[in-house]
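**Q** Taken in sequence, the protein lines are chains E and L.
So in the numbering used here, spot 13 of the first sequence is number 13, and the numbers just go up one at a time.
So in the numbering used here, spot 529 of the second sequence is number 529, and the numbers just go up one at a time.
Simulated from the structure, these hints should not be mistaken for lab results.
Ideal Cβ positions, reconstructed from N, Cα and C, are used throughout, including at glycine.
Please note that a few of the clues may not be correct.
[Stated by the list, open to error] Lysine-lysine pairs mimicking PhoX-like chemistry, simulated, CA-CA at most 20 angstroms apart:
| id | chain 1 | residue 1 | chain 2 | residue 2 |
| --- | --- | --- | --- | --- |
| 1 | E | 353 | L | 112 |
| 2 | E | 112 | L | 112 |
| 3 | L | 397 | L | 354 |
| 4 | L | 354 | E | 112 |
| 5 | E | 354 | L | 112 |
| 6 | E | 397 | E | 354 |
[Stated by the list, open to error] Facing chain L, from chain E, some residues (calculated, C-beta under 7 angstroms):
| id | residue |
| --- | --- |
| 7 | 117 |
| 8 | 392 |
| 9 | 396 |
Protein chains: 2
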Amino acid sequence: MVQPRATRPIGRIPVVDVAPQVDNGNRPAKSVVGEEFPVTATVFREGHDAVGATVVLTGPDGGELARPMVKVNAGLDAWAVTVAGDRTGTWSYRVEGWSDPYGTWNHDAVIKVGAGVDVELMLEEGARVLERALAEVERTPEQGAVLRTAIKGLRDSATDPQTRLGAGLSAAVRTELAERPLREHVTAGPELPWLVERDRALYGAWYEFFPRSEGATHDPATGKWTSGTFATAAERLPAVAAMGFDVIYLTPIHPIGRINRKGPNNSLESGPDDPGSPYGIGAAEGGHDTIHPDLGTFDDFDAFVARARELGLEVAFDLALNCAPDHPWVTGHPEWFTTRADGTVAYAENPPKKYQDIYPLNFDNDPEGLYAEIRRVVRLWIDHGVTIFRVDNPHTKPLEFWERLLADVAAEHPEVIWLAEAFTRPPMMHTLAKIGYQQSYTYYAWRHGKTEIQEYLTELAGPAAAYMRPNFWPTTHDILTPFLQRGGPAAWKMRAALAATLSPSYGIYAGYELMENVPRPGAEEQIDNEKYQYRDRRWAERSGGPLAPYLTRLNEIRRAHPALHWLRNIRFHFSDHENVLVFSKARRVYDRDDVIVVVANLDPSVNADTWIHLTMPELGLDWHDGFVAHDLITGQHWNWWEHNYVRVGPDTEPVHIIHVTPY
Amino acid sequence: MVQPRATRPIGRIPVVDVAPQVDNGNRPAKSVVGEEFPVTATVFREGHDAVGATVVLTGPDGGELARPMVKVNAGLDAWAVTVAGDRTGTWSYRVEGWSDPYGTWNHDAVIKVGAGVDVELMLEEGARVLERALAEVERTPEQGAVLRTAIKGLRDSATDPQTRLGAGLSAAVRTELAERPLREHVTAGPELPWLVERDRALYGAWYEFFPRSEGATHDPATGKWTSGTFATAAERLPAVAAMGFDVIYLTPIHPIGRINRKGPNNSLESGPDDPGSPYGIGAAEGGHDTIHPDLGTFDDFDAFVARARELGLEVAFDLALNCAPDHPWVTGHPEWFTTRADGTVAYAENPPKKYQDIYPLNFDNDPEGLYAEIRRVVRLWIDHGVTIFRVDNPHTKPLEFWERLLADVAAEHPEVIWLAEAFTRPPMMHTLAKIGYQQSYTYYAWRHGKTEIQEYLTELAGPAAAYMRPNFWPTTHDILTPFLQRGGPAAWKMRAALAATLSPSYGIYAGYELMENVPRPGAEEQIDNEKYQYRDRRWAERSGGPLAPYLTRLNEIRRAHPALHWLRNIRFHFSDHENVLVFSKARRVYDRDDVIVVVANLDPSVNADTWIHLTMPELGLDWHDGFVAHDLITGQHWNWWEHNYVRVGPDTEPVHIIHVTPY
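Whenever a hint applies, use it, and build me the whole structure from the sequences.
**A** And the structure:
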């Protein structure tokens, strides 16, 4: 029996528990350009000598950058530093532990010279440490002069010991050695991968619509609908941009299957004029590489994308890998589907329910062939200007498929962003993020209580932030929660305001401006759902909807306040009321702190009057400081302190979004 | 910018978060032969098909053993199994995730045949799954016959569908496929190292003495002492063995330095007859490879070891890598010490205090030379029968030194056990365990409150149990807590009983039987400490000490009850009293459960009368069951249930150790 030897020895100065480590360092931790990225480690040594810790960042070009770490918990030997990547690309970081001769001497010399013990010896040893610091570490002449002066002072036997000691411990010497320390026994922890992505991977306001509904017209005489087109949908874009959104997300734009097509309200029978669900993809006209003829041509799509870009909107494409029975792949590549014992192609099921309008892909019969085809489809849409993919139900396709696809796309187009619609169990949701998805819808739609919001955000902004980024949606075309069905305007405002401030990315499904709150009986989704029929929202005659100004204001606030562009900076504060949620986000931009405090009444039915209690240092203030609280929603100003009395909606605004201005 | 690819792809069926993983799988998890070793993992797949998980154990000879895992939390896709290594050696374990065609069919068939949907198709598909299970997995003719019968039954169109379905889902088929499943897309998680060690690495009762004290005699006429010898110390061994101890631990046995030797009670001045501290090692007679002439020769040591073995005691050797100024290494190898700026050798310090009787080793000047010498010393003592090393202050020597030494020793002598006396911060204590130490004293001596004991044991028996094993000592020659100084007999009983039942390994320092409770003023250690002088405890005239029968009973109980040989099996129960601690340990041995419940009053000054509330399933019982509670300390019997009224000391016994006998 031989005790197994570690493949990674402990080393001279142990560096353990470096965080973040995603999947034990097998996959990259993530941040966006300029975003705070905290690195922590446990660094210690035997005996009593001083240690130091440095984080070394290696940029995409291979250049290294060292930053000193700070001991944040002496009893646990815990070190930390917050860094940032200044450009996109594949970085790495490692923590180096080292023995600190100057720190050891400093500690001992202060005590011993103070006690009159070994005075000359301690002063001479200090001079020798500084001589080594001069000889072994590169410095400019000016930097070296600081140490030379100190050495001379330490050896100046004409002056008293405390003065000589002071020469070795001056602020100038300490600063010089903090910047360029004398490091002994430097020991490197693991080299860990770090992916720095563009800002939109973390921050953005999304707007979802069904292009066929935008500009669809109903002829009362015939009862027939005429589909909207890319051209008519583009006419809605200026309003979306004017509301301050950054991304326009289109539900699928492909030909829709006719076999077993669903009718209105998910009925099994469809009439000849029912347009079918855009998620039932593929018909005689083509499949995932084809545009629905009603919407237009590739030229029309290109024009739509160009118009969106002109307005500052990125286009997000819905990648829904579902096939209708008449999808060209079904006949062309039956091996991409499952054939049952009776020779039929397997349709989707949730036994005993059957979804006969959808054939699920089988990724195991011909993985290479199917992969190549989907890779081709994705490349096609990227070539037509798509920079964001919203993926429908990624959790029903193999993870190894996504891992490969996202890595291959990133190799050619690192700017592409993937949002996972994985409303499923936590391991799948988290693993999709780890293998490459930039964003996940997460469980926001179903988190309503104060404690559950605090706990969930603490998880998302804590360990999970190393690899997963939330995109909070109060509703989608599939989700209309009972809370919003019944909560009234205060609920619709509050859920949008929370989404927009808790999470750097959030999204709105068209109709949110109208507070469309009527569900299909027995379902938690819209009645007369656009998935199965056209919807003309008559924007013009409804002035864009009663909530449009509120959403516009939210997006203005988001753009003006960089603190809201981040996730890891969220901090919760206390309120005496069980339904009043209080949180803040702070961020230093150049020399100025941007600090936002949000106070929300989570109950849309009753006003809340309560004291709130702010952890002032989280706002960059001292406990006894006051500040001007400027409510960015109403424009009101108050003088606030640690303890403040607030009233929040529904009679007044349900949410304060406070900009903190110190006196 | 290229997204970094994972060195370990996610695979077809993801297997993530396998535990235990010590240092990300870089170092082995540990157990002893036969000890429960829990393996957990998160295993899931896309879509709705069933998955399975298997743990595969690879033994020291390379043979593999597969065990099915059980889904313990469906919402979190969590799987678990408890395994055991049946012999010592370097094992490994991996978790395999797989798609389960039989499970998928089972789930769908029950629903669809029940609902009359696709009946013939489902039955035929079941037959085909079983045909694959027959063709693809090796089975005996009998095992195969079970599946053949089922296939025939599934296709027997003469009978009704539910009967045919029942043939495919019979208990015999399920059992056969649980044992030898049809596994698709088998995906292996990481291969993780696992060290299975001998029982004594986890379980044992230790007794510490200073050999020179055992048989030391004082001449009242001259006032002079005569040292005990290995021969006289061996005369104490039968009593130690009779008390039921397993290990006899000797403080250092080497020549003691004369330069700056400490006198009684740690005084800086010593008289010519003061024996000095055995921890101030090395003099003209020799160093760590030498025996103090007062104790005897190597032959005498060998005889002592032989006598101990005869009595069933293993000898633990105190490896204290301290050197007195007159240690032969100081002149022979000045490079193994630190030379200061004034040319002197550095003594130990805790500024401004100086410990001029000790020169600390410097491991950095000549690491290879010093390593070779210490390796030689350790081998010497192993060659003389030492199988256990208790290491003094390992946290003042480099971790990489210990990692190398312990691995090298294990390669030749895997039976050797190392106990770290690392009373220091948690990262050092835990890392010493990770790099090879079998045991640590831990913080037991200073854990007195109910909550802190529960929390600390939950940590030790939980994640930390994968690599660290506690050895609980209520006192040592360096530790006499205020609690034991003042607590009286109930405190001494209770702290021993808790050490002996909370931890599989525990130890007693000689004199515990006598409840020696007088401290040196201002210190938390014995007055007239044996470290600096002889102590004749006059065992014979004191009948071995008033606590000897209690310690004997504790060790009898430990030996009779295998549940107490383990750590991971500890479970805490409720009591209504803030000072009454209740815990249990259960273990199945062959077909019998050994179950112990301990009820302790943590306050030695006041009796505690209280209700206790037992989590009955942890005792292998149903909530409504009763049992006979046999107090192994007093021999009393009671009828106990979930809720019981108890009284615990100091007026009666302070601790119940209950053996659970179901009716």
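**Q** Look at each hint and say if it fits the structure.
**A** Here's how the hints hold up against the structure:
no.	hint	in the structure
1	E:353 / L:112	9 angstroms, holds
2	E:112 / L:112	84 angstroms, violated
3	L:397 / L:354	19 angstroms, holds
4	L:354 / E:112	11 angstroms, holds
5	E:354 / L:112	11 angstroms, holds
6	E:397 / E:354	19 angstroms, holds
7	117	5 angstroms, holds
8	392	13 angstroms, violated
9	396	5 angstroms, holds
Violated hints, in rising order: 2 and 8; the structure is consistent with all others.
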